[in-house]
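Participant: Each chain, written out:
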Amino acid sequence: MDNVLEVRKLSRSFPGFQLKDISFTLPKGYIMGLIGPNGSGKTTTIKLILNMLKRDGGEVRILGMDNIAEEKAAKAELAVVFDSNYFCEAWTAAQTETAVSGFYENWDTNRFHRLLEQFHIDPTKKVKDLSRGMQMKLMLACAFSYSAKLLILDEPTSGLDPVSRDELLTILSGYIEDGEHSVLFSTHITGDLERAADYITYINRGSLFFTGGKDEFVDSFRIVKGGPEDLTEEIKARLIGLRTHPTGFEALVRTEELERLKHASVKADKNRSVQGNGDSALPAYTSVLKKPSPVDSWTVEPATIDEIVVFTSQEPYREKGRIR
Amino acid sequence: MNETLKAARLDYSLLRPYWKTLCFIILMPVIYTGVARSLSAGISFEMCMLGVTASYTFAISEKNGMERLYGALPVARRHLVFGKYLLICTTGLLALGISLVTHTAVLKALGETVHAWEIAVSAVLGFFLYTFYVVFQLPAYYKFGAVNGKMVQFIPVTGYLLTLILLPRVDLNSSALAAALGRPGMLAGAVLLCCAAAYVISIVVSVRIMKNKEV
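So the protein lines, in turn, are chains A and B. With this note's numbering as the guide, the letters of the first sequence map in order to residues 209 to 532. With this note's numbering as the guide, the letters of the second sequence map in order to residues 26 to 240.
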């Protein structure tokens with residue numbers, strides 16, 4: 209089994225929101241970031257994977273098992289960590305183990321206590337007295353104590369301070385080190401993914417925007433910056449996202465569009481510079497052809513995941529950025 | 026371990042931090058028995074108090090957002106329901122047993138005579154009342170949750186008040202009552218059968234609600 213998670217054409221409708229045809233696969237031993245703006249459908253996707261919501265269509269296979277027909281067996285192999293604590297706050301860390309361990313055949317008590325020690329969690333301390341970061345670690349300690357093959361995290365870093373976020377990412381990297389464990393990690397703090405994720409699945413307004421390798425995702429886009437006079441309608445039409453300011457503009461383009469953008473820019477410059485016709489226009493044409501293209505003066509930079517998400521979420525550009 | 030037992034254990038672990046409150050609820054009606062000088066009156070009150078606690082596990086899990094934990098656990102939803110009913114039924118029986126002993130002891134200490142048949146009648150009455158207090162509440166909690174469904178928390182109180190109003194109106198000389206009391210074993214059996222049927226129907230409804238429930 210090479211894929212720990214296979215999601216095919218997953219759909220679900222709510223009044224005012226539709227999650228449609230979400231498909232992605234998570235290979236064994238990797239971390240996949242599930243990204244998208246708030247309300248894009250990340251948590252809905254996770255809840256559908258966990259059968260906490262009923263799907264309208266599609267298929268979910270966890271380690272080759274159907275998430276509904278073989279729900280119990282599938283859930284025994286996965287662990288879930290949500291953005292906030294889901295244990296009873298009156299429990300101590302040790303009581304949490306007592307309550308949950310019975311559900312997992314391969315629960316390792318020694319490992320749980322080792323993890324509590326490693327995470328500096330006092331077993332006698334009540335869950336409500338633990339900090340948010342510590343509560344997160346307690347959920348992780350439980351997840352690691354039965355060697356869950358797939359760890360699903362729903363916005364785990366939201367509300368965590370930078371130190372706790374860094375610790376969490378280090379823990380996740382250690383978790384997949386043996387190549388047997390995988391992580392599906394939903395977040396809107398994309399900086400975390402730059403560091404931890406191998407794959408990206410990007411959902412926007414209920415639709416799949418991209419799924420594939422993180423590097424491929426980042427390489428697919430570039431940020432271009434230019435002067436205010438460089439923008440024409442033709443150039444605008446080739447942009448995926450645009451932000452203008454008095455001193456120029458900043459735009460997201462697909463990497464493969466850069467060359468076409470250059471031609472569009474040269475054409476625009478010719479139209480702007482050459483005002484006559486016939487012989488009178490010839491010197492002007494010649495000078496324009498000798499002139500460098502405005503694109504040459506633009507700054508072209510690699511786009512960050514954050515920039516890609518922000519630009520592709522702009523209303524007129526949403527569909528244009530879609531890769532697959 | 027059986028799935029139902031695991032689920033019951035999980036629910037028990039929700040109640041465990043509140044054991045002092047539960048002990049208070051179980052022991053407090055002793056005062057009422059002492060004042061009323063009647064075992065069956067005290068047990069009815071006890072079951073009313075205990076019936077109100079049926080919402081505890083729902084309220085605790087709702088307060089802590091534990092539906093997400095339940096959703097992630099490798100256990101069928103129906104077993105979560107069975108576990109809850111098992112725990113609630115066991116709690117009721119245990120509390121009933123403790124109450125019968127303590128209330129009888131209090132009455133005896135106060136110089137009252139408590140006959141064996143009186144204890145048996147109180148036991149059957151107590152189980153009957155507790156059953157009917159919880160079988161209507163639990164499906165409502167599954168459907169609406171402990172907060173939105175808190176109106177059903179008044180079922181035990183309403184039931185207790187109805188018992189207080191209706192019991193004095195029972196014609197103790199009626200032939201039907203005499204016939205029923207003439208065969209106490211059969212009467213107890215019928216009551217217990219009725220309780221079992223009520224539990225089965227309530228469980229079926231709760232399982233159906235739970236299966237269709239989205240978290």
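To be clear, the hints were calculated from the coordinates, so they are not data collected in a lab. There could be a bad hint or two in this list.
Calculated cross-link-like contacts (lysine-lysine; reagent style DSS-like; alpha-carbon spacing at most 30 Å) [as the list claims (entries may be wrong)]:
(1) A:LYS336 x A:LYS444
(2) A:LYS255 x B:LYS236
(3) A:LYS262 x B:LYS236
(4) A:LYS217 x A:LYS336
(5) A:LYS334 x B:LYS175
(6) B:LYS45 x A:LYS280
(7) A:LYS333 x B:LYS168
(8) A:LYS422 x A:LYS236
(9) A:LYS336 x B:LYS133
(10) A:LYS444 x A:LYS357
(11) B:LYS45 x A:LYS262
(12) A:LYS333 x B:LYS88
(13) A:LYS255 x B:LYS88
(14) A:LYS255 x B:LYS45
(15) B:LYS45 x B:LYS236
(16) A:LYS262 x A:LYS333
(17) A:LYS280 x B:LYS236
(18) B:LYS168 x A:LYS262
(19) A:LYS444 x A:LYS470
(20) B:LYS238 x A:LYS262
(21) B:LYS175 x A:LYS228
(22) A:LYS262 x A:LYS280
(23) A:LYS357 x B:LYS45
(24) A:LYS336 x B:LYS45
Here are the in silico distance ranges between beta carbons for each label pair [unchecked claim]:
(25) A:ALA277 x B:TYR43: 34 to 40 Å
(26) B:GLY90 x A:GLY265: 25 to 31 Å
(27) A:ILE276 x B:THR115: 47 to 53 Å
(28) B:ALA61 x A:ILE276: 50 to 56 Å
(29) B:THR46 x A:HIS328: 49 to 55 Å
(30) B:TRP44 x A:TRP315: 23 to 29 Å
Heads up, the beta-carbon is just placed ideally off N, CA and C, and yes, glycines get one too.
Participant: With the threshold set at 30 Å, check whether the alpha-carbon distance from LYS262 (chain A) to LYS333 (chain A) stays at or below it.
Facilitator: Violated - the C-alpha atoms of LYS333 (chain A) and LYS262 (chain A) are around 37 Å apart, more than 30 Å.
Participant: Holds or violated: are the alpha carbons of LYS238 (chain B) and LYS262 (chain A) at most 30 Å from each other?
Facilitator: Holds, at roughly 9 Å.
Participant: Next pair to validate is LYS262 (chain A) with LYS236 (chain B); report whether the Cα-Cα distance is within 30 Å.
Facilitator: holds, 10 Å
Participant: For the pair GLY90 (chain B) and GLY265 (chain A), does the Cβ-Cβ distance stay inside 25 to 31 Å?
Facilitator: Roughly 29 Å apart at Cβ, these two residues keep to the hinted range, so it holds.
Participant: Are the Cα positions of LYS175 (chain B) and LYS228 (chain A) separated by 30 Å at most?
Facilitator: violated, 37 Å
Participant: For LYS262 (chain A) and LYS280 (chain A), compute the direct alpha-carbon distance and say whether it is at most 30 Å.
Facilitator: Roughly 16 Å between the alpha carbons, so the hint for LYS262 (chain A) and LYS280 (chain A) holds.
Participant: Is it true that ALA61 (chain B) and ILE276 (chain A) lie within 50 to 56 Å of each other by Cβ?
Facilitator: About 54 Å separates the Cβ atoms of ALA61 (chain B) and ILE276 (chain A), which means 50 to 56 Å holds.
Participant: Okay, TRP44 (chain B) versus TRP315 (chain A) on CB: inside 23 to 29 Å?
Facilitator: Holds, since TRP44 (chain B) and TRP315 (chain A) (Cβ atoms, about 25 Å apart) stay within the stated range.
Participant: Regarding the pair LYS45 (chain B) and LYS262 (chain A), is the alpha-carbon distance no greater than 30 Å?
Facilitator: violated, 40 Å
Participant: Given the hinted pair LYS444 (chain A) and LYS470 (chain A), is their alpha-carbon gap at most 30 Å?
Facilitator: Answer holds: LYS444 (chain A) to LYS470 (chain A) is near 12 Å, not above 30 Å.
Participant: Hey, LYS334 (chain A) versus LYS175 (chain B), does the alpha-carbon distance stay inside 30 Å?
Facilitator: holds, 28 Å
Participant: Decide if the proposed pair is consistent with the structure: LYS336 (chain A) and LYS45 (chain B), CA atoms, cutoff 30 Å inclusive.
Facilitator: Holds, at about 19 Å.
In summary, the numbered hints that this structure violates are 1, 4, 6, 7, 9, 10, 11, 14, 15, 16, 21, 23, 27, 29.
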